[in-house]
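Chains A and B supply the protein sequences, listed in that same order. Here my numbering is used: position 7 in the first sequence is 7, and no number is missing along the way. Going from the second sequence to my numbering is simple: count from 1 and add 456.
Hints in this document: simulated from the structure, not taken from any laboratory. For clarity, every value in this text was computed on a predicted model and none was experimentally measured. Treat the hints with caution; some may be incorrect.
Said to hold, decoys possible - So the derived list for chain B, only partly shown, Cβ under 10 Å to chain A, looks like this:
#1 GLU475
#2 CYS477
#3 GLY500
#4 PRO507
#5 ARG541
#6 GLY556
Claimed, not checked - For each label pair, taking beta carbons as the anchor points, the in silico distance ranges come out as:
#7 A:ASP143 / B:LYS553: 52 to 62 Å
#8 B:ARG541 / A:GLY454: 39 to 49 Å
#9 B:MET457 / A:ASN260: 21 to 31 Å
Claimed, not checked - If you want the footprint, here are the derived chain A segments under chain B, 3+ residues with CB under 8 Å:
#10 58–65
#11 200–213
#12 237–250
#13 377–386
Ideal Cβ positions, reconstructed from N, Cα and C, are used throughout, including at glycine.
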Amino acid sequence: MNTPDKALKIAVIGSGPSGFYAAEALLRAGLPLQVDMLERLPTPFGLVRSGVAPDHPKLKEVIKVYDRIARSPGFRFLGNVALGRDVTVAELRAHYHAIILACGAQSDRCMGIPGEDLPGSHTATEFVGWFNGHPDYRDHAFDLGREVAVIVGQGNVAADVCRILAKPVDELRTTDISEHALDALAQSRIREIHIIGRRGPAQARFTPRELRELGEIHQCATLADNRDLRLGERCETELNDLQNGNAAKNCALFREFTANQAGNRRRQIRFHFYLSPSEVLGDSRVEGLRVARNRLEGPAFAQVASATGETTTLNCDLLFRSIGYRGVPIPGLPFDDHRGIVPNAVGRVTDGDHTVPGVYVTGWLKRGPSGVIGTNRADSVETVTHVLADLTQADAVEKPGGDALEALFPARGTRNLSYEEWLQIDEAEIERGRPHGKPREKFTRVRDMLALTGHG
Amino acid sequence: MPHIVTDNCRLCRFTDCVEVCPVECFHADEERTYIDPDVCIDCGACIPACPVRAIYDTEDMPEEFVPWIAINAERAATLPVLSARQPALPTAADRQKELGF
Ligand SMILES: Cc1cc2nc3c(=O)[nH]c(=O)nc-3n(C[C@H](O)[C@H](O)[C@H](O)COP(=O)(O)OP(=O)(O)OC[C@H]3O[C@@H](n4cnc5c(N)ncnc54)[C@H](O)[C@@H]3O)c2cc1C
Ligand code: SF4
Ligand code: SF4
Numbered sequence: 001m002n003t004p005d006k007a008l009k010i011a012v013i014g015s016g017p018s019g020f021y022a023a024e025a026l027l028r029a030g031l032p033l034q035v036d037m038l039e040r041l042p043t044p045f046g047l048v049r050s051g052v053a054p055d056h057p058k059l060k061e062v063i064k065v066y067d068r069i070a071r072s073p074g075f076r077f078l079g080n081v082a083l084g085r086d087v088t089v090a091e092l093r094a095h096y097h098a099i100i101l102a103c104g105a106q107s108d109r110c111m112g113i114p115g116e117d118l119p120g121s122h123t124a125t126e127f128v129g130w131f132n133g134h135p136d137y138r139d140h141a142f143d144l145g146r147e148v149a150v151i152v153g154q155g156n157v158a159a160d161v162c163r164i165l166a167k168p169v170d171e172l173r174t175t176d177i178s179e180h181a182l183d184a185l186a187q188s189r190i191r192e193i194h195i196i197g198r199r200g201p202a203q204a205r206f207t208p209r210e211l212r213e214l215g216e217i218h219q220c221a222t223l224a225d226n227r228d229l230r231l232g233e234r235c236e237t238e239l240n241d242l243q244n245g246n247a248a249k250n251c252a253l254f255r256e257f258t259a260n261q262a263g264n265r266r267r268q269i270r271f272h273f274y275l276s277p278s279e280v281l282g283d284s285r286v287e288g289l290r291v292a293r294n295r296l297e298g299p300a301f302a303q304v305a306s307a308t309g310e311t312t313t314l315n316c317d318l319l320f321r322s323i324g325y326r327g328v329p330i331p332g333l334p335f336d337d338h339r340g341i342v343p344n345a346v347g348r349v350t351d352g353d354h355t356v357p358g359v360y361v362t363g364w365l366k367r368g369p370s371g372v373i374g375t376n377r378a379d380s381v382e383t384v385t386h387v388l389a390d391l392t393q394a395d396a397v398e399k400p401g402g403d404a405l406e407a408l409f410p411a412r413g414t415r416n417l418s419y420e421e422w423l424q425i426d427e428a429e430i431e432r433g434r435p436h437g438k439p440r441e442k443f444t445r446v447r448d449m450l451a452l453t454g455h456g
Numbered sequence: 457m458p459h460i461v462t463d464n465c466r467l468c469r470f471t472d473c474v475e476v477c478p479v480e481c482f483h484a485d486e487e488r489t490y491i492d493p494d495v496c497i498d499c500g501a502c503i504p505a506c507p508v509r510a511i512y513d514t515e516d517m518p519e520e521f522v523p524w525i526a527i528n529a530e531r532a533a534t535l536p537v538l539s540a541r542q543p544a545l546p547t548a549a550d551r552q553k554e555l556g557f
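Please build the complete structure, drawing on both the sequences and the hints.
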C-alpha cells in the first residue's frame with residue numbers, strides 16, 4: 001500500500017470547519033492517503049468566511065489552522081466544483097474509496113405563516129451572506145430606509161444580525177464587511193430592533209458573550225420587560241442546573257436590560273419573549289407582524305411554548321427570520337426532510353436500516369445546525385474514525401482519484417481552482433482592503449475571482 | 457482576553473475540551489490542562505465540553521480565578537500541545553462526583 005496510486009483516496013465535499021477537521025483527522029491517521037476537498041465556491045472556509053460576523057475577527061484566525069491543513073502533503077483543493085452541479089455522487093464513488101459530505105446547512109427554516117414572502121421579509125442567511133460578501137447573496141437588497149426591524153429567533157445568528165444593524169457604521173469600517181453592505185448600512189435609518197423568542201429568557205439560545213455584546217453597543221439602548229423576567233419554578237430549576245450556566249448568565253443580563261431606559265440614544269434593541277409569529281402583515285410589503293402569546297408547558301428542560309389564545313401586532317418595516325437552518329438534499333442520496341440533515345449513524349450515511357457504503361457525513365449536515373466552530377472538530381473526528389475503520393477492513397481496490405476526476409472537468413465547462421489559486425485571490429483581497437484600513441475587501445462575484453486567476 | 461482552565465480541572469484529564477478546540481491551544485501536564493492565551497480565539501467551544509466546568513471566559517468569571525490567567529499563560533508556554541483527546545485519568549470519575557457534577 002505504499003505507492004501513491006495505491007493510496008486510499010477520499011473526497012471531502014465542502015470546505016467549512018467540518019470539512020477541514022475531517023481532512024485533518026484523515027491526514028493524521030498515519031496511512032497512505034490522499035484527501036481531495038471539493039468546494040462549490042472558488043473560496044474555501046465555509047461559514048468562517050461567509051457566516052462569522054465581520055466584527056469578530058479573532059474567530060477568523062481559525063483560518064490559519066485550515067491553511068496549515070490545506071498545505072499538508074496529500075491534500076488537494078478543488079474549488080468551484082459543486083457536488084450535484086459539476087460531479088455526481090456516482091462519479092465520486094467511482095473515483096474515491098470514500099466520500100465525506102461536509103456541505104453544512106445551506107438553507108433556512110421557514111416560519112410557515114402567511115405573508116412570509118412579502119418584500120421586506122428576509123432570512124438571516126440572506127442578510128449575513130450579503131454583508132459577508134457571499135456571491136449567492138451579492139445582489140440582494142435590504143430596505144434600511146425605514147425605522148423598525150424585527151428579528152425572529154434568539155440564537156447567536158440573530159444576535160449577529162442585530163449587532164450589524166445596531167452598531168454605528170463607523171465601527172464596521174475597518175472590518176472585512178463587504179463594501180456594498182457598508183454603503184447601505186451607512187444610509188440606514190433603522191432605530192428600533194425587536195428580537196422575539198417563542199419561549200422565555202431562560203430558554204434563549206444566545207451565548208452570554210454574544211448577548212453581553214448587544215448590551216455594549218455605542219449609542220444603543222438594550223431593553224427588556226420586567227414582567228418577562230418573573231420566572232416560574234421550572235425555569236428556576238433550569239437556571240440552577242450547573243450544566244446550564246449559559247441560561248443563568250443570560251437571565252442576569254436580561255435583568256440588567258430591564259433597568260435600562262431608551263433615553264435619547266440613536267437606536268434601541270428590545271427583547272420580547274413568549275411570542276410566536278402567526279402572520280406577516282402588509283399589502284405590497286412588510287408592515288407588521290402578528291404574534292401569538294405563549295405560556296410554557298411541560299417539565300423543566302423540556303418546556304414547550306403553548307398558545308394562550310392572545311394575539312398582538314408589532315409594527316415593522318423589515319423582518320428577518322433566524323429560526324434554524326436546513327441542509328440541502330444531495331441528488332442520489334437519502335435525506336431526512338424533517339431534520340434537514342443527511343440521515344446517518346455516527347457519520348455513516350444510512351438509508352432506512354442499512355448503511356450506504358462508502359458515504360459519510362459530518363458537521364451541520366450530519367447533526368443539524370448546532371454548536372460552534374470547534375464542535376465540528378469532535379464531530380469530524382467521530383466520522384473519520386468510522387471511515388478509517390471501514391476502509392482498513394475492506395479490500396483495497398485501486399481508485400483513479402482526483403487526477404482522473406479533474407480530467408472530466410474541461411468538457412463540462414467546470415473551471416476548478418487550486419489552493420494556490422485561492423491564495424492569489426486571498427492576496428488580492430488583502431491588497432484591495434489595505435487602502436481602506438480593512439483586513440480585506442472580498443471579491444463577491446465568481447466571475448471576478450475566475451478572471452483574477454486567469455480562468456476568465 | 458482569552459479563556460482559561462481553573463482549579464476544577466485536576467486529576468481528571470477527560471480532555472473533552474481538547475477535542476473541540478478549533479485551534480489546538482490546550483497544553484497539559486500530569487494534572488491538568490492549560491490554555492495558550494496567544495492562540496485561543498475565544499470561541500467558547502470548550503466551556504460546555506468540560507464535564508466539571510473548569511473553563512472560564514476571562515471576561516466573565518469570578519474574581520477568585522484571576523491568578524489562573526497567569527498560570528495558564530506560563531504553563532502553556534512550557535508544556536506540549538495536546539491535539540487529541542486522551543484517556544481520562546483513573547481518578548476522573550471520582551473527581552467529577554466530588555465536585556458534584
Ligand atoms: C451567521 C452565522 C454566524 C456564526 N458565527 C459563529 C461564531 O461566531 N462562532 C462560532 O464558533 N460559530 C459560528 N457559527 C457556526 C459555525 O459557522 C458552524 O458551526 C460551522 O461553520 C459548520 O461547519 P460546516 O463545515 O458543517 O458547514 P459550513 O461552514 O457551512 O461549510 C459547508 C461548505 O460546503 C460547501 N458546499 C455546500 N454544498 C456543496 C456542494 N454541493 N458541493 C461542494 N461544496 C458544497 C459550502 O459552500 C461551504 O463552504 C455561525 C454560523 C452562522 C450561520
Ligand atoms: S475537560 Fe475540563 S476537567 Fe477535563 S481536562 Fe479539559 S478542562 Fe480539565
Ligand atoms: S475558547 Fe475556543 S479557542 Fe479558546 S481554548 Fe476554548 S475551544 Fe480553544
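Now for the hints, and whether the structure bears them out:
1. The interface hint given for B:GLU475 is met, as the beta carbon of that residue sits about 4 Å from the closest beta carbon of chain A, less than 10 Å.
2. Interface hint at B:CYS477: satisfied, since its Cβ lies 6 Å from the closest Cβ of chain A, which is below the 10 Å cut-off.
3. Nearest Cβ of chain A to the Cβ of B:GLY500: about 6 Å, under the 10 Å cut. The hint holds.
4. With a least beta-carbon distance of about 9 Å to chain A, the hint placing B:PRO507 at the interface is held under the 10 Å criterion.
5. The beta carbon of B:ARG541 comes within 8 Å of a beta carbon in chain A, closer than 10 Å, and the hint placing it at the interface holds.
6. Annotation: interface hint on B:GLY556 holds; nearest CB of chain A at approximately 7 Å, less than 10 Å.
7. Remark: the range hint 52 to 62 Å for A:ASP143 to B:LYS553 is upheld by a beta-carbon distance near 57 Å.
8. The given range of 39 to 49 Å is respected by B:ARG541 and A:GLY454, whose C-beta atoms sit roughly 44 Å from each other.
9. The hinted window of 21 to 31 Å between B:MET457 and A:ASN260 holds, with their beta carbons roughly 25 Å apart.
10. Closer than 8 Å: that is the beta-carbon criterion, and the segment 58–65 of chain A has 6 residues meeting it against chain B, so the requirement of 3 holds.
11. A stretch counts as covered by a chain when three or more of its residues have a beta carbon under 8 Å from one of that chain; for the segment 200–213 of chain A and chain B the count is 4, and the coverage holds.
12. With a cut-off of 8 Å between beta carbons, the segment 237–250 of chain A has 5 residues touching chain B; three or more are needed, and the interface restraint holds.
13. Counting residues of the segment 377–386 of chain A whose beta carbon lies closer than 8 Å to any beta carbon of chain B gives 3, which reaches the threshold of three, so the coverage claim holds.
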